[in-house]
Amino acid sequence: MKIEVDHHAGLPGVFARENGKVRINAGTLHYRELNNMVKGAAAEGLEEIELENVFGQRYIGSGIRRPVRITVHGVPGNDLGAFMDGPRITVDRNAQDGVGNTMNSGTIVVHGRAGDIVAMGMRGGKIFIRDGVGYRAAIHMKEYRKHVPVLVIGGETQDFLGEYMAGGLVLVLGLGKKGKPKLAARHIGTGMHGGLIFLRGEVEEHQLGKEAAVERASEADLEMIRPHVEEYTNYFGGKADEILGSGFIKLYAKSHRPFGGLYAY
Amino acid sequence: MLRGARVRDDKDFSGCSIFGMMNLRGEKFNGDPMITAIANMKERSNGLGGGFAAYGIYPQYAELYCFQLMYDDQAAKEETEGYLKDSFSLEGAEVIPTRSCEGVSDPPLLWRYFLQPRESIACDLEDVDDFVVRAVMHINVFIDGAFVFSSGKDMGVFKGVGFPEDVGRFFRLDEYEGYIWVAHGRFPTNTQAWWGGAHPFNILDWSVVHNGEISSYGINMRHLEMYGYKCTLFTDTEVIAYAVDLLVRRHGLSIEDMSRVLAAPLWSEIDRMPAREREAHVALRQSYGSLLLNGPFSIIISNREQMIGLTDRIRLRPLVAGRNGDFMYISSEEAPMHLVDDTLKDTWIPHGGVPVVAELIKPAAREEETGGKVLSISGAEPA
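First to last, the protein sequences are chains A and B. Note that the numbering used here has the first sequence beginning at 1, numbered continuously upward. Note that the numbering used here has the second sequence beginning at 266, numbered continuously upward.
Just so you know, these hints were derived from the structure itself, not from any lab. This one's a predicted model, so the numbers in the text were calculated from it and none came from an experiment. Any given hint might turn out to be false.
To spell it out: a stretch of chain A is covered by chain B in this simulated footprint if at least three of its residues, at any positions, have a beta carbon under 8 Å from a beta carbon of chain B; those stretches are [said to hold, decoys possible]: (1) 55-66; (2) 104-117; (3) 157-163.
Note that CB positions come from ideal geometry on N, CA and C, so glycine has one too.
The task is simple: from the sequences and hints, build the whole structure.
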């Protein structure tokens with residue numbers, strides 16, 4: 001049996017520029033080469049950057065401080081949009097680990113699933129994941145005054161959601177399951193000391209970290225999260241009212257300094 | 266430099282890459298897609314180790330044990346061959362073909378032997394595999410400058426110091442055809458790199474590639490020593506290969522139970538299980554507590570029928586799986602699976618401690634392997 005692995009014929013690199021738009025064939029370019037091209041295009045003032053045939057290049061969109069639109073066709077590598085400050089990234093397939101790592105502002109929209117540690121240390125901007133995410137989403141997400149990061153997960157989450165979470169807002173819509181889904185994730189909110197997590201469905205006490213408190217979401221809570229659910233349905237379809245009306249719970253930190261006494265002497 | 270000055274340390278790796286690809290119907294393919302896939306994760310390795318295991322590559326000798334050896338020098342080779350001739354009938358001996366390749370330098374002498382245990386020695390046929398394990402341990406422990414890096418049937422390990430794609434080209438993997446392939450790119454952080462310390466680690470048909478760090482190496486190693494396994498390779502992953510051989514081949518555990526030993530659920534979870542399940546978990550932990558792998562890991566374990574992906578119980582290292590028709594993939598990252606298979610759609614993130622098992626649907630045409638048939642191998646003359 002012959003497996004054809006060289007199906008990305010043609011040289012990687014820029015292959016089209018028109019009307020403030022550039023298309024780059026990423027192929028198997030090294031991430032440094034690719035990201036230099038992307039940064040160069042952003043610095044030139046181009047507003048729209050399309051990346052074709054992306055296969056695992058890391059740090060796409062990292063460190064860019066202009067409101068460019070980057071479209072990723074393919075599977076971007078780890079740390080997509082890390083330290084990003086302004087761009088809007090759209091991914092048409094699954095993303096890998098570390099989406100939005102320490103991101104400051106901008107938007108990431110993933111038309112698929114994301115891997116582990118989505119929104120790790122995120123401090124501003126928004127991330128929308130159509131499907132589920134892996135372990136440790138929103139680990140140590142944080143906020144400061146008006147900078148409140150938002151992570152919306154359409155599907156399910158695996159364990160350690162919101163681990164050591166210090167701020168920000170996480171919505172887990174649990175779509176694709178009828179009625180009130182019973183969440184499978186464990187250790188949710190372990191070490192949580194700030195921020196809010198809204199989950200559609202039910203969790204049992206043992207699924208939560210001991211630093212997380214749980215209560216039913218109030219009407220005011222639902223109004224607060226409504227714009228983010230609507231933004232999700234704008235990207236991926238669905239009815240915001242139906243989603244909002246189907247039972248959310250809210251997790252919050254029992255204490256802002258759960259480990260305050262740990263090293264005190 | 267097989268056994269030169271190395272710092273012995275019980276910790277080893279940090280950010281390695283692992284990739285496995287299997288055709289569930291046993292149809293064979295060459296090593297090209299493996300080289301493409303592992304090269305795609307180049308950021309995860311640092312050029313200090315790369316390797317592959319391939320199953321189904323020696324059909325003409327399918328019922329013979331294939332020992333692949335690294336030698337420091339001619340003396341080690343002569344001593345090893347003398348030892349092998351005493352215990353085995355050598356049906357074939359050849360240099361492992363290589364090509365010169367930038368990025369791979371100073372290889373040891375690389376030889377392979379197709380072997381059959383001599384009847385007079387391996388008289389207790391139940392234990393032929395054990396006899397082979399003892400022979401591997403003997404060479405690795407007592408023959409200076411010789412190291413068996415592969416000892417299964419119809420399979421081989423190819424590994425060395427370099428980036429994995431270079432090591433793959435060096436070993437001419439495009440010229441081999443197998444139905445299960447696994448690959449590893451190494452990023453050693455705590456010990457010196459050497460050819461034998463590259464992954465996969467192998468004993469009999471078992472191969473293991475690993476990303477992570479086994480901090481329980483010491484206790485695991487001491488437990489395995491009681492069963493005759495000698496850890497000689499100065500790396501933590503070695504214990505996984507021997508633990509799997511002990512648990513599954515010698516003690517007959519299922520893959521699921523093996524996973525419950527290596528990546529046992531937390532006690533708080535065991536406490537919440539229904540009574541029967543809880544009792545089973547408690548029994549496994551009581552019997553095999555010393556084989557619990559502590560520390561972060563994602564691994565791919567393979568044998569001639571299976572390819573198994575597993576992470577530690579709280580998934581401190583990445584692992585993604587995919588399936589497209591008859592092909593199964595297990596990988597550190599998602600992108601390389603799509604790079605070698607552009608129609609792949611069905612991928613998922615396995616839960617921590619829960620094995621992903623790819624199993625051969627129709628075993629490749631060969632006689633059912635039992636101890637009793639070892640000496641009546643078709644195509645090979647008994648000694």
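- Query: Which numbered hints does this structure break?
  - Reply: Every hint satisfied by this model.
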